[in-house]
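Q: Produce the complete structure using the sequences and hints provided.
Protein chains in written order, with full-length UniProt numbering: chain A, 1 to 176; chain B, 1 to 157.
Don't read these hints as lab results, they were simulated from the structure. Keep in mind that the hints are not guaranteed to be accurate.
[Claimed, not checked] Each computed DMTMM-like pair below joins lysine to aspartate or glutamate, with the alpha-carbon atoms no more than 25 angstroms apart:
1. K20(A) x D62(A)
2. K35(A) x D78(B)
3. K50(A) x D62(A)
4. K35(A) x E54(A)
5. K20(A) x D32(A)
6. K51(B) x E62(B)
7. K41(A) x E54(A)
8. K41(A) x D66(B)
9. K35(A) x D133(B)
10. K50(A) x D32(A)
11. K51(B) x E35(B)
12. K42(B) x D78(B)
13. K51(B) x E106(A)
14. K42(B) x E62(B)
15. K51(B) x D66(B)
16. K41(A) x E96(B)
17. K41(A) x E54(B)
18. K42(B) x D77(A)
19. K50(A) x D22(B)
20. K41(A) x E100(B)
21. K41(A) x D133(B)
22. K50(A) x E35(B)
23. K50(A) x D66(B)
24. K103(B) x E115(A)
25. K42(B) x E77(B)
26. K42(B) x E115(A)
27. K42(B) x D62(A)
28. K42(B) x E54(B)
29. K41(A) x D62(A)
30. K103(B) x E106(A)
31. K42(B) x D22(B)
32. K41(A) x D126(B)
33. K41(A) x E62(B)
[As the list claims (entries may be wrong)] Over 10 angstroms on every C-beta distance to chain B, these chain A residues come out as not near it, computed from the model:
34. P7
35. R17
36. P26
37. S30
38. A63
39. L67
40. R76
Please read all numbers here as calculations on a predicted model, not as lab measurements. Every residue, glycine too, gets a C-beta built ideally from N, C-alpha and C.
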Amino acid sequence: MGSGSSPCASCRLLRRRCAKGCIFAPYFPSDDPHKFAIVHKVFGASNVSKMLQELPIHQRGDAVSSLVYEANARMRDPVYGCVGAISFLQNQVSQLQMQLAVAQAEILCIQMQQEPVALPSQIDQHQHHHHHQDHDQKSLLLSNSDINSIPHQYFSSFASPSNVIQDPLKKESLWT
Amino acid sequence: MISNNPTRCAACRFLRRRCPQDCVLAPYFPSSNPERFACVHKIFGAGNITKMLEQLPVHLREAAADSMFYEASLRVEDPVYGCVRIISQLQHHILEAQSEILKTNGQIASYIAQQQLQQQQQNVVDGASYQQDMQISEYLGVGSDVQTLANDSYFHP
Chain A
1 MGSGSSPCAS CRLLRRRCAK GCIFAPYFPS DDPHKFAIVH KVFGASNVSK MLQELPIHQR
61 GDAVSSLVYE ANARMRDPVY GCVGAISFLQ NQVSQLQMQL AVAQAEILCI QMQQEPVALP
121 SQIDQHQHHH HHQDHDQKSL LLSNSDINSI PHQYFSSFAS PSNVIQDPLK KESLWT
Chain B
1 MISNNPTRCA ACRFLRRRCP QDCVLAPYFP SSNPERFACV HKIFGAGNIT KMLEQLPVHL
61 REAAADSMFY EASLRVEDPV YGCVRIISQL QHHILEAQSE ILKTNGQIAS YIAQQQLQQQ
121 QQNVVDGASY QQDMQISEYL GVGSDVQTLA NDSYFHP
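A: Written out as structure tokens, the structure is:
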């Protein structure tokens, strides 16, 4: 070994000399052999090498992280890989958006119910003395029953994804 | 002797080899779509695709090939993050939606608490004015007594 230091995880797995400018060495240290093993199994060392060579150096770290992520997902779910996680998360987003819509509709209901409702005799007196009581007349026309039925229309059943990665990659948040 | 496919599949055509009748890749990489195999081969490699598909039961291989093509095309489009970018965006959307829901639920709870407080205050006022009415009635006495006084000639000479 030219460098004198231990070979990187890639060269150790591939049983070759770890040259000084080894493209894998910065990203696959010898103390984590599993990381390269996974990536090699799914993508292949030569494909990873080609992909890294096509990228500027400052982007290679992120590229390796995302490849490791994908490779792990594919190992956990050999049929759907990351696509299973995407499907699961899309489903979650839809459900949460529905929940949010329901909550916002409820707020609307409450706000409309809280509008001042004046009695007819009071309206007559006010109209005699003031001229800005139109909103009181409008509130008498509002019907609670129509508004309260709206939120229930949002409820529907959701089909669960056919293949789900149960621990959707929560611990690896690559971007803040 | 293994007979060959009359038309080589996209994989075998790309790899310039004979396409056997039992070619693992042929059902999922038809010759009509050469770009599909080229894309998957660029990212995963033909050997890895074959190995991965062979390890799966036949009824799951189509889904696996489709998902690999999807991942590969996203990786070709975005060589740094691939499909992981979408996952990150979705996780971000989930956090945002959860935060909005919490905020909205908090507002709902606040409105309800406000309504209850107003109702309680109204009950106190109503209760107080009812008691006041009762006290006045008791002070004035029963209605017929009042009428008797009114009719008394002392008041109406």
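Q: Give a verdict on every hint.
A: Right, here's what the structure says about each hint:
Restraint check for K20(A) and D62(A): satisfied, since their Cα atoms lie roughly 22 angstroms apart, inside the 25 angstroms limit. In summary, the hint linking K35(A) to D78(B) is supported, as the alpha carbons are separated by about 21 angstroms, within the 25 angstroms threshold. Simply put, K50(A) and D62(A) have alpha-carbon atoms about 15 angstroms apart, close enough for the 25 angstroms limit, and the pair holds. Restraint check for K35(A) and E54(A): satisfied, since their Cα atoms lie roughly 21 angstroms apart, inside the 25 angstroms limit.
Of the pairs offered as hints, the one joining K20(A) and D32(A) holds, with about 19 angstroms between alpha carbons and a cut-off of 25 angstroms not exceeded. The suggested pairing of K51(B) with E62(B) holds, with an alpha-carbon distance near 14 angstroms, which does not exceed 25 angstroms. Of the pairs offered as hints, the one joining K41(A) and E54(A) holds, with about 21 angstroms between alpha carbons and a cut-off of 25 angstroms not exceeded. For the hint pairing K41(A) with D66(B), the CA-to-CA distance comes to about 19 angstroms; that is within 25 angstroms, so the pair holds.
The suggested pairing of K35(A) with D133(B) is violated, with an alpha-carbon distance near 84 angstroms, which exceeds 25 angstroms. Only pairs whose Cα atoms come within 25 angstroms are accepted, and K50(A) paired with D32(A) is accepted, the gap being roughly 22 angstroms. Under the criterion of a C-alpha separation no larger than 25 angstroms, the hint pairing K51(B) with E35(B) is consistent with the structure, at around 21 angstroms. Proximity of K42(B) to D78(B) is assessed by CA-CA distance (about 13 angstroms); at most 25 angstroms being required, the pair is judged to hold.
The straight-line distance between the Cα atoms of K51(B) and E106(A) is roughly 53 angstroms, outside the 25 angstroms bound, and the hint therefore fails. For the suggested pair K42(B) and E62(B), the alpha carbons sit about 19 angstroms apart, so the restraint of at most 25 angstroms is met. In summary, the hint linking K51(B) to D66(B) is supported, as the alpha carbons are separated by about 15 angstroms, within the 25 angstroms threshold. Under the criterion of a C-alpha separation no larger than 25 angstroms, the hint pairing K41(A) with E96(B) is inconsistent with the structure, at around 36 angstroms.
In summary, the hint linking K41(A) to E54(B) is supported, as the alpha carbons are separated by about 14 angstroms, within the 25 angstroms threshold. Simply put, K42(B) and D77(A) have alpha-carbon atoms about 21 angstroms apart, close enough for the 25 angstroms limit, and the pair holds. A distance of roughly 31 angstroms separates the Cα atoms of K50(A) and D22(B); the hinted pair therefore is violated under the 25 angstroms criterion. Distance check on the hinted pair: K41(A) and E100(B) sit about 41 angstroms apart at the alpha-carbon level, beyond 25 angstroms; violated.
Straight-line distance between C-alpha atoms of K41(A) and D133(B) comes to about 88 angstroms, which puts the hinted pair past the 25 angstroms bound. Our distance criterion of 25 angstroms between C-alpha atoms is met by K50(A) and E35(B), whose separation comes to about 19 angstroms. At roughly 23 angstroms between alpha-carbon atoms, K50(A) and D66(B) fall within 25 angstroms of each other, so this suggested pair holds. As the CA atoms of K103(B) and E115(A) are separated by approximately 22 angstroms, the hinted pair is consistent with the 25 angstroms bound.
For the hint linking K42(B) to E77(B), the alpha-carbon distance of about 12 angstroms falls within 25 angstroms, and the restraint holds. For the proposed pair K42(B) and E115(A), the alpha carbon gap of about 64 angstroms is over 25 angstroms, so the pair is violated. With a C-alpha separation of about 19 angstroms, the suggested pair K42(B) and D62(A) falls inside the 25 angstroms cut-off, and the hint holds. Restraint check: the Cα-Cα separation between K42(B) and E54(B) comes to about 19 angstroms, which is no more than 25 angstroms; the hinted pair holds.
Distance hint between K41(A) and D62(A) is fulfilled; the C-alpha atoms sit about 19 angstroms from each other, no more than 25 angstroms. As the CA atoms of K103(B) and E106(A) are separated by approximately 13 angstroms, the hinted pair is consistent with the 25 angstroms bound. Pair hint K42(B) plus D22(B) holds up; C-alpha atoms about 23 angstroms apart against a cutoff of 25 angstroms. Distance restraint check for K41(A) and D126(B): the Cα-Cα separation of roughly 78 angstroms exceeds the 25 angstroms cut-off, and the hinted pair is therefore not satisfied.
Distance hint between K41(A) and E62(B) is fulfilled; the C-alpha atoms sit about 20 angstroms from each other, no more than 25 angstroms. With a cut of 10 angstroms on Cβ distances, P7(A) stays outside the contact zone with chain B, its closest approach being about 23 angstroms. No beta-carbon of chain B is positioned within 10 angstroms of the beta-carbon of R17(A); the least distance is around 23 angstroms. Here P26(A) stays apart from chain B, with its beta-carbon at least about 16 angstroms from theirs, past the 10 angstroms limit.
With a least beta-carbon separation of about 24 angstroms from chain B, S30(A) lies farther than 10 angstroms from that chain, consistent with its non-interface assignment. A cut-off of 10 angstroms between C-beta atoms contradicts the statement that A63(A) is not in contact with chain B; the least separation is 5 angstroms. Not every beta carbon of chain B lies more than 10 angstroms from that of L67(A), the smallest distance being close to 8 angstroms; the non-interface claim is violated. Its beta-carbon lying about 13 angstroms from the closest one in chain B, R76(A) satisfies the requirement of being farther than 10 angstroms from that chain.
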